[in-house]
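Chains as they are written, first to last, in the numbering used here: chain X, 1 to 371; chain A, 1 to 387.
The hints are simulated quantities; they were obtained by calculation from the structure and are not laboratory data.
Idealized CB from N, CA, C, for every residue including glycine.
Mixed in with the good hints there might be a few duds.
[What the hints assert, rightly or not] Taking CB as the label site, the calculated pair distances span: (1) X:Asp14 x A:Leu4: 48 to 58 Å; (2) X:Thr28 x A:Glu271: 51 to 61 Å; (3) X:Glu299 x A:His155: 50 to 60 Å; (4) X:Glu302 x A:Asp29: 25 to 35 Å; (5) X:Thr15 x A:Asn44: 54 to 64 Å; (6) X:Gln324 x A:Lys308: 29 to 39 Å; (7) X:Ile333 x A:Ala274: 43 to 53 Å; (8) A:Glu52 x X:Asp8: 36 to 46 Å; (9) A:Pro385 x X:Asp14: 45 to 55 Å; (10) X:Asn359 x A:Gly89: 31 to 41 Å.
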Amino acid sequence: MPLYLTDDQTMLRDTARDFMAAEGAIATQLRHWRGINCKDGFGHGLWKQFAEMGFTGILIDEAEGGLGLGHVEAGIVLEEIGRNLTPSPFLMTALAFVEAVKGTTHAARWYPGILAGETVAALALDEGAKHRPEAIAMRAERAGNGFKLSGAKQFVVQGASADVTLVAAQADEGLTLFAVEKGMAGLEVEGVRLADSSIGARLTFADVEVDADAVVGEMGGGAAVLSRVLKAGRTGAAAELVGLGTAAMDMTVDYLKQRKQFGRLIGEFQALQFRSAHLYSELEIARAATLKAQQLLDEGSENAEAMVSVAKAKAGRASQLAVQEGVQMHGGIGMTDEYDIGLYMKRDRVLNELFGDANYHADRLARLKGY
Amino acid sequence: MTDLETFRQETRAWLEANCPPEMREPVRDETDMCWGGRNPVFKNDAQKQWMEAMAARGWTVPDWPTAYGGGGLSPEETKILRQEMARIGARNPLYSFGISMLGPALLKYGTEAQKTHYLTRIARGEIRWCQGYSEPGAGSDLASLQTKCEDKGDHWLVNGQKVWTSYADKADWIFCLVRTDPQAPKHQGISFLLFDMASPGVSTRPILLISGYSPFCETFFDDVQVPKDQIVGELNKGWDVAKYLLGHEREMISGMGLGGQSGTLGEALGEAVAADPLLRGEVARFDVDSLAFRAMSEKFIDELKAGKAHPAQPSMMKYAGTELNKARHELVMAAGGSNTLEWESDRSKKGKAAREWLRTKANSIEGGTSEIQLGIIAKRILDLPGA
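All chains should be built: construct the whole structure from the sequences, respecting the hints.
Here's what the structure looks like:
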């Protein structure tokens, strides 16, 4: 398969690009929800529109009512989300959660709501300030027919709005994933606004009782499920970062063509030209790495694991460079809330942390390669 | 089974049967490569056999038309051939500036007679070419070149000097930029000329580099007579040919960023990395960049074959690939410590690591410096203003 978008994928990109620019724009979505201090941080109306466009079913099989497409297509939508900083539960719900419950009894329970744009799902993995899914300590003790969950999670994106949260915990059999519905006794949810004005949550589980059928996959089989979830989430986050970084670069390059100092357009200065060209190069490479990871995932290749980490690390660094250069090259107005470039910087920071930052993934690549 | 799957199976079987075991070992250095030429020097029988077997199938240039000695393969088939060669570690059968640089320019700008004559010989590895571009006064500002080419009625008369001519002392022919109209603006008085390095009046002098090697020469032309039919493209329009060819040269040089191997640097360095956490971190970051660039190269080649690549994208590839290659060799030296400082010992294979490290410093200078590439990206891709 050639490493560029097929004609069908290009059509989807054009559709997603038009849709997101019209419906998911910064002024009407991000700034709007931030302005009214929305407790969800995103619009449920837009989530329904995502469903009408078919986006929420991209990774759901046709037999189950979805589009039966792959990670390349999901990434196409995420790149446009990244460009517009569109707040939505798409990454966590339509990628991570859909992958988690695929082929389990939970699919029939949750897919219809996701396909309708009514259900929002979250992922409760991290227990500290950094992403360390290999060190999950939260406990799941057997109690009667089910389990009692105890422990704390943080950086649960959309955790305060979720109808269902995928929770990773250690049972006697080993790491196990649970689908926990909202409003369970003993579950305390503290919504927290993050730097990019999205809403994360800290969850505290005090002997939260769940039924045995809350288990996703096998008891002790959480590692396999989690691996699928993480590959989907990391690759998706990489795609969103590529879109975000590209938009930040485009905005900055446009500015260089308008702003005059010393009687010249500042884009004529070689110092800025070279840095812009270097940034372009980094983003192109990040886009290629991300597309490669998506294709390998869709092929079910065993090489996908390493490439996913390459994509997340490279996209994280390239996007970070884009927002840093963006603010610097905009000069003073880049520091103002009125200009959008600063919003890109804040979202980039969140996406870099999400599913592991560039250092985490460089280290992970090294481990996968045996050094 | 699809046609492409059949092609893959047949290709795999043919390669298994025809690629000698010696040609499945990695290339050690530039002297270990097969360069062909009028008086070819083969390191062993296997090298000769491999080049001839591939040339007979047109697979030294798999995607060129069969009429010019190529394999006539589609982009998909070419990709499969390269994958199958990589699978068994098969060497490139023929290293040639004729293939990587001149050939594409001839395919686009050559007359039918030029294509038939030169391309078939390039495909069979019968002419070793060198490139006469830079001059002492024309480096990054290449278009200010002064080598004079006068119309003497029945021939051209060439006088001047080139520099940084790769392997000029070993080449049979040169493709050369010459000034045919000294009055015209600098880009519009240049022509693209081919001639035999054995012509009277051509002389070369190797330049000793910091690596201790002399891959480049100074090349002098003193009243060199050249037949009239050896201009490629139109008279005074040589800059178009030159730019097109430079695009291909940049692609070739960008490929060096791949380090010619499929694994990661961390795996190659082994123990040294494990002992030093800061070095391990740097190497891991490098491997992220390197694997990402490998994906970029695959994407770029796929887009190029499908006509989807931006015309200035080779500049991006050249910039990123050469900077990456320099970074690789800095890390190799850091990991090797004082072992890699030995310059002549057999232990160090006569300073192989150190000499390669120094050689890579030219990567971001030759074929247009990194700064030239960044300028091209800024203007032609990002459309930034200014000269």
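To see whether the hints hold, each was checked on the structure:
1. X:Asp14 x A:Leu4: 48 to 58 Å: Taking Cβ atoms as reference, Asp14 of chain X and Leu4 of chain A lie about 28 Å apart, which means the hint is violated.
2. X:Thr28 x A:Glu271: 51 to 61 Å: For Glu271 of chain A against Thr28 of chain X, whose Cβ atoms are near 57 Å apart, the range 51 to 61 Å holds.
3. X:Glu299 x A:His155: 50 to 60 Å: holds (59 Å)
4. X:Glu302 x A:Asp29: 25 to 35 Å: holds (33 Å)
5. X:Thr15 x A:Asn44: 54 to 64 Å: holds (58 Å)
6. X:Gln324 x A:Lys308: 29 to 39 Å: Because 30 Å falls inside the window, the suggested range holds.
7. X:Ile333 x A:Ala274: 43 to 53 Å: holds (48 Å)
8. A:Glu52 x X:Asp8: 36 to 46 Å: This hint holds: roughly 44 Å between Cβ atoms.
9. A:Pro385 x X:Asp14: 45 to 55 Å: violated (29 Å)
10. X:Asn359 x A:Gly89: 31 to 41 Å: holds (33 Å)
In summary, the structure is inconsistent with hints 1, 9 from the numbered list given earlier, while agreeing with the others.
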